[in-house]
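**Student:** Position chain B relative to chain A; hints supplied.
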Amino acid sequence: MRELRDLARRLLEEGSVQTVLGWEEGPRGARPVFVRRPEEAERLIFDPRCVHNLAAYLSPRRPHLKGLGRIAICVKPCDAKAVAGLIRETQVARDQVVLIGLRCGGVLPDPEGRETLSGETVADRCRGCPDREPRLADHVVGTAAEGFPGPSRRQQKVEELLALSPDDRWRFWQQELARCVRCHACRQVCPLCFCEQCIADKTRPRWVESSAHGRGNLAWHISRAMHLAGRCVDCGECERVCPGGIPLGLLTRRVAKTVGERFGWRPSDDPAVPSPVGTWRPEDPQEFIL
Amino acid sequence: MDGEGARPFEPRITAFVCNWCTYTGADLAGTSRLQMAANVRIIRLPCTGRIDPMFIVKAFERGADGVIVSGCHPADCHYNAGNYHARRRFAIFRELVDFLGIDPGRLTFSWVSASEGAKWRDVVNETVDRVRRLGPFTAYRELVTDPPVTRVIGEEVPA
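Protein sequences appear in the order of chains A and B.
Those letters in the first sequence? Residues 1 to 290, by our numbering.
Those letters in the second sequence? Residues 291 to 449, by our numbering.
Be a bit skeptical, because a hint or two may be false.
With a straight-line Cα cutoff of 20 angstroms, these simulated SDA-like cross-link-like pairs (lysine to any residue) come out [to be verified]:
1) A:Lys157 - A:Glu261
2) A:Lys257 - B:Met326
3) B:Lys348 - A:Trp170
4) A:Lys257 - A:Pro274
5) B:Lys348 - A:Glu209
6) B:Lys409 - A:Leu290
7) A:Lys202 - A:Val181
8) B:Lys348 - A:Ser210
Hints in this document: simulated from the structure, not taken from any laboratory.
From a predicted model like this one, the values you see are computed outputs, not experimental measurements.
Okay, chain A solo, but in the shape it has when bound:
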């Protein structure tokens, strides 16, 4: 923590950045903070409650960072993949932002979490995560830590659902999606949902019905999962913020399985790796086409 605060202070003092985006202690656990003065660097924290993927603020469509000068942003290794995604899709230029990489040993599911980090309490997405050391970073701070073994429960649930009949899967998802109130929190929190105009907001024609009924909800979640194909870094933020507790990560995981198996793609912190949608190979498998 000392190391992080000293680095933030130094960056602000020397004027190489005007804002450091990190986490602070809030009334209900860790929360994002914009540090603008060197003496405020003492507010910064990093511990297993720092679950938020701050890369979401980097999207050029979001107003939060406008006029705040050059930004340094704290990234866990998984967050760095989201930043890489934004660079890959030319939403952010690499030299536009200073990345403070944090060595990570897994986080809790919730920023309020009071539990100590263990194999039982760790966030599901951290199970089997191979990334301890941020590679896409200008500065790396923190102490090295052990990870937690996989597979994640989410991954197991995807396999369980795949073993069911289509009708049973339909019933499962209709029950889950019935709790969707279309607040679009999943979209707002996602670092890679960066369309200038969201298809869900288009009214001519109305592609995604705005009412929170089964038909509109299904259209929205199909559309969201499709748009995140080859983009989702499995940071789990959509699932964390969903007020209905819908297991949205299952959909993005299912899509990730397809792009992984068919196109050999895994979320990467290397912006030079081409995206699996928007590129193609002549020899792509096409066993499903007559």
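**Tutor:** For chain B alone, coordinates are given in the frame of chain A:
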């Protein structure tokens, strides 16, 4: 009208086809007087690369029982690469909707060139047979069961 009820079930199939290959192929099937099922409504688009997966979702919302997406064979795209992009997109889409419980048998993807009128007939007949066996897609239509929100002003609200 649903086409259900007293009359036997006739599947309603929406086909999204590319202008350059499959549409011309379907036209050839017609001018060649090939007999095929009359359940397909064709929507012509410039390229399979133009077909957003939401088109398919919209077709189901509007009462389709099955959907065909068809375009040029690989290496034959009029725009060079539209069908390659579409192939990746629909590989992902197909497995996603299957995961959500939509039987992938309701979806047909095919390459039909301008000279393959007979192949188009086979694609249509096979899809219609398959969807006929799956039955009407009532599960999708029943997603919205609320009564319509509009009613004649002044009319009694039914108890």
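**Student:** Now, for every hint given, state plainly whether the structure supports it.
**Tutor:** Here is how each hint holds up against the structure:
| no. | hint | result |
| --- | --- | --- |
| 1 | A:Lys157 - A:Glu261 | holds (18 angstroms) |
| 2 | A:Lys257 - B:Met326 | violated (38 angstroms) |
| 3 | B:Lys348 - A:Trp170 | holds (18 angstroms) |
| 4 | A:Lys257 - A:Pro274 | holds (17 angstroms) |
| 5 | B:Lys348 - A:Glu209 | holds (10 angstroms) |
| 6 | B:Lys409 - A:Leu290 | holds (9 angstroms) |
| 7 | A:Lys202 - A:Val181 | holds (18 angstroms) |
| 8 | B:Lys348 - A:Ser210 | holds (14 angstroms) |
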